[in-house]
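Numbered per mature numbering (1 follows the signal peptide of the UniProt record, and there is no 0), the sequence shown spans residues -31 to -1, 1 to 92.
Since the hints were derived computationally from the structure, they do not count as laboratory data. Careful, some of the hints might be misleading.
[What the hints assert, rightly or not] Beta-carbon label-pair distances, calculated as ranges: (1) 3 <-> 81: 25 to 33 Å; (2) 58 <-> 7: 12 to 20 Å; (3) 57 <-> 77: 15 to 23 Å; (4) 83 <-> 2: 13 to 21 Å; (5) 16 <-> 55: 25 to 33 Å; (6) 54 <-> 16: 23 to 31 Å; (7) 37 <-> 77: 13 to 21 Å.
Don't be surprised by glycine CBs; every beta carbon is placed ideally from N, CA and C.
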Amino acid sequence: MKFGFRSAGPVLGALLMAVGVSLGGGTPASAAPVDCTGSVDHYDNTGLRRWIADGQAVRSGPRADCSVRFRGPVEVDVDCWMENSLGATWWFVQSRLGQGWAYEGNFGSPPPRHAHAWCFAPD
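Whole structure, please, built from the sequences with the hints as guidance.
Printed below as a string of structure tokens:
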């Protein structure tokens, strides 16, 4: 059996196409978490304490794509809340592990919203 360039062309082309699809196709790698640290103007609602539930994140900013600072379970001091551009409620908290933003659903029992406990942060 003769094996020449004419018969190798289609086979080689199909092989290269398969390799190209496996290397470049498919789902793109997920983006790295964003460090969302920024200034926060807020009212310190001293005395309001809550627990972040087991495994739930406290992040560097009020968005799910912001980097994780630490995870619960941990008791936190709750300073203030805000709604981000997607309408999700986030709370600025402080604990022995640091400070950051906790999504309202990450609390064992969500804090009550008070008008004086509103804060502003870049979103």
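Results of checking the hints against the structure:
no.	hint	in the structure
1	3 <-> 81: 25 to 33 Å	30 Å, holds
2	58 <-> 7: 12 to 20 Å	18 Å, holds
3	57 <-> 77: 15 to 23 Å	18 Å, holds
4	83 <-> 2: 13 to 21 Å	30 Å, violated
5	16 <-> 55: 25 to 33 Å	30 Å, holds
6	54 <-> 16: 23 to 31 Å	30 Å, holds
7	37 <-> 77: 13 to 21 Å	18 Å, holds
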